[in-house]
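The lines below spell out each chain.
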Amino acid sequence: MKRFLAIGFIIAPLVAHAVTPGEMLPDPAMEARARAITSELRCLVCQNQSVDDSDAALARDLRVLVREKLKEGMSNAEVKEYVHSRYGDFVLLRPPLKLGTILLWAAPFLALLAGAAAVWSAARRRRGPAAPVELTAEERARLEALGLSAPQGGNLKK
Amino acid sequence: MIVETGHYALVLALALALLQFAIPFAGARLNDPALMRVARPTAIAQFSFLALAYGALTYAHVVSDFSLINVIENSHSLKPFIYKISGVWGNHEGSMLLWVLVLSLCGALIAIFSSAMPDKLRADALSVQGLLGAAFLLFILLTSNPFARVGQPPWEGRDLNPILQDPGLAIHPPLLYLGYVGFSIVFSFAAAALIGGRIDAAWARFARPWTLFAWVALTLGIAMGSYWAYYTLGWGGFWFWDPVENASLMPWIAGTALLHSAAVMEKREALKVWTIFLSILAFSLSLLGTFLVRSGVLTSVHAFASDPERGVFILGILIFFIGGALALFALRAGSLPVGGLFAPISREGALVVNNLLLSASCATVVIGTLYPLALEALTGEKISVGPPFFNTVLIPIALPLALLMPIGQMLAWKRSDLSAALARLRAAFAAGVAAAAALGAWQGTPFLSIVSAGIAVYLVVGGVSDIVQRAAFRASSAGAVVSRLRGMPLSAWGTSISHAGMGLTLLGLAATGWGVENIVAMKPGDYYDVGPYKLGIEEVSPRNGPNYSEIYAVMAVRSGGETIARIEPAKRFYQARKMQRSEAGIVTLGLGQVYAAIGESHPDGTIDARIYWKPFVTLIWIGALVMAFGGACSLADRRLRIGVARRASAVAMPEAAE
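Going down the list, the sequences are from chains A and B. If you read the first sequence in this note's numbering, its first letter stands for residue 1, the second for the next number, and so on. If you read the second sequence in this note's numbering, its first letter stands for residue 1, the second for the next number, and so on.
A few of these clues could be false.
Quick list of in silico lysine-lysine cross-link-like pairs, DSS-like style, CA-CA up to 30 Å [claimed, not checked]: (1) K98/A to K382/B; (2) K267/B to K120/B; (3) K69/A to K98/A; (4) K523/B to K534/B; (5) K71/A to K267/B; (6) K69/A to K120/B.
If we take Cβ atoms under 10 Å as the criterion, some of the chain A residues that face chain B in the derived model are [unchecked claim]: (7) K69; (8) A111; (9) L112; (10) S121; (11) A123.
If you are wondering where the hints come from, they were derived from the structure by calculation, not from laboratory data. All figures in this text were calculated on a predicted structure; none of them were measured in a lab. Don't be surprised by glycine CBs; every beta carbon is placed ideally from N, CA and C.
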């Protein structure tokens, strides 16, 4: 879908294959870790594809690199940090939490809070007792002329 | 000549759009019915001329008139006929033309189906619609003219991007645009109401069918696009949280919120200000989406700078209309009367919570989409906001919303009893827990899939519980139940069906966690595991299509040693653009699908393949179809259709009809 919507400025030709059997590690557990890591890395030369999905040469290099580092015994976090230190924040599809991204990560909670506050204040405003309106002397006179007396306390709710 | 006629029709449409804006607007201010009456014929005429222009461009594509830049760049004489037609909107200029065509169609629809509306409201709404049309027609004529010619026509065109040569493309964009642009109607209504200063339940009754109409189209458009991505892109993904996809999701969420708040406004005269705001918001987000997709700002901030004319122009339109509408809103909202009162535990209260959660999701998608652009523009820092972010922050909002949906349905208007509502959902809770336990035992982890699947089943059962219980309440016979069900207003059916559809989609999404993927170098004759099935290559051969050549593999899907289906994944090569595209081989088994895509062939006879078993995956789109069907049911409700309130037919109803 993104491909269609992006028509007009698609540059990279699309090829189907991302991870190929040749790249895969023999150990299924380690391979699964590699897939988990690369699916959260951005292919830097593609239009919003993960390294795991992309067929670009650079993505392939990164897939191989990640697998090599895993074979060397690095943990998932260490591999991610390694790639992060080489390519910067842009490579992480899950933006790191730091000064520049606090607002981003807080956005859903702020939106909920702001919404809840708005609902609360609207409800309060609405349910607050309508201010009693004093009858003017003229109204009182008209009421009495009709043979009625002003309601209790002389107030009418409008 | 035909092309010039089309070009001229486009210019005339602009003139008509300007008339449609100016004359009725003046008429409404001067209280002159003659001037206001100009609105309807000009709206219909504007649509007619745009249809003419669009027809002319289609003609140029069909006859492969390579004197048009647009045809050269996006067509090829050998391209199959259907793609010559769908290729008209498969490019920037053509898709903008489709955009205004649909916009003018919306104007014409208002003109035709608005007899019950007050003259002033109609005149103002059509006037706003005219102004919108004029802005986008100017954009097309000044920056994106599809009718531009070249001095020396080449013999052959450059063909349409191969991934767009697909039947999916023939349906997806028109539906999507009908949805996107359909929200312009509600936008115009809101602007007209703010200009006129009268906002009441009647307004909501006029606006709601159009909201439903746009929402149904957008739902179908998004679902279509996502299925198309699923089978075209070759790795079985269907949603990527790509900014361009988010561009269509934002108005969908806002539109969903609007549907619900408009219901409150129509029934109870409450949430008026909020409903008007959402009406403006839904279309504003459509405009924002158009800007994001059409300006090139998404590919990179630099692409925007390389073609600043288009981007800046749309940005101008965006600021003018959104800013204008919001300014009008700020000016008038304070003076709008406050509507009906309700207790927190009531249908209205539930719908307020619904709107709160939907708005928060919508804001999250908007912020997640725009944040990287804003951050780069402000600080030069580049970050990526991808699927992990959206999944992390949206699932905690979406699941509680799903939990609340059936509860809201069970609550009565004005004041209700929560424990009674929950008691009526006992069956749904039980079904959800049982489903989660069964699916968990059968498919195993991930935990999130188990929980989501349980909530999904609860949502399906809970969605239909309301009408079923109402029909079965102390019914004397089966016949009584059936006649009660038939007497139920269509909009009650619509709610139940749509909510159940949402549940089906959620179940499909939950089941993605149970999918099986196998990446192998397949050797012909050998069989490989894919979920409960085995898959093997029987044959690999080359073949020629009309404008491509391909290598395809015939794969047999086996279950218990017997071949139950054959699929043909292929790899296509399009000569004109020297591009490859994969064609997935898919077979639906039950509600799941076996999905295969092939890659490189090796000298030893093996061929790289990705094979998948995707349990319940079809429910994602079936659910969307069901949701849209529910919307269509509501739309068919007589009360909305003719804009007159009506009591449900004389069939005894144990509880309030809606």
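Here is what the structure says about each hint:
1. Restraint check for K98/A and K382/B: the C-alpha separation of about 13 Å stays at or below 30 Å, so the hint holds.
2. Restraint check for K267/B and K120/B: satisfied, since their Cα atoms lie roughly 23 Å apart, inside the 30 Å limit.
3. Taken as a hint, the K69/A and K98/A pair is honoured in the structure, with Cα atoms around 26 Å apart against an allowance of 30 Å.
4. With a CA separation close to 13 Å, the supplied pair K523/B and K534/B stays within the 30 Å bound.
5. This hinted pair does not check out: K71/A and K267/B have alpha carbons roughly 64 Å apart, beyond 30 Å.
6. Among the hinted pairs, K69/A with K120/B is inconsistent with the structure: their alpha-carbon atoms are about 70 Å apart, more than 30 Å.
7. Violation of the interface hint for K69/A is found here, the shortest Cβ-Cβ separation to chain B being roughly 20 Å, above the 10 Å cut-off.
8. Hint on A111/A holds. Least Cβ distance to chain B is approximately 4 Å, under the 10 Å limit.
9. Because the closest C-beta pair between L112/A and chain B is about 4 Å apart, less than 10 Å, the hint holds.
10. Interface restraint check for S121/A: the shortest CB-CB distance to chain B comes to about 13 Å, outside 10 Å, so the restraint is violated.
11. Nearest Cβ of chain B to the Cβ of A123/A: about 7 Å, under the 10 Å cut. The hint holds.
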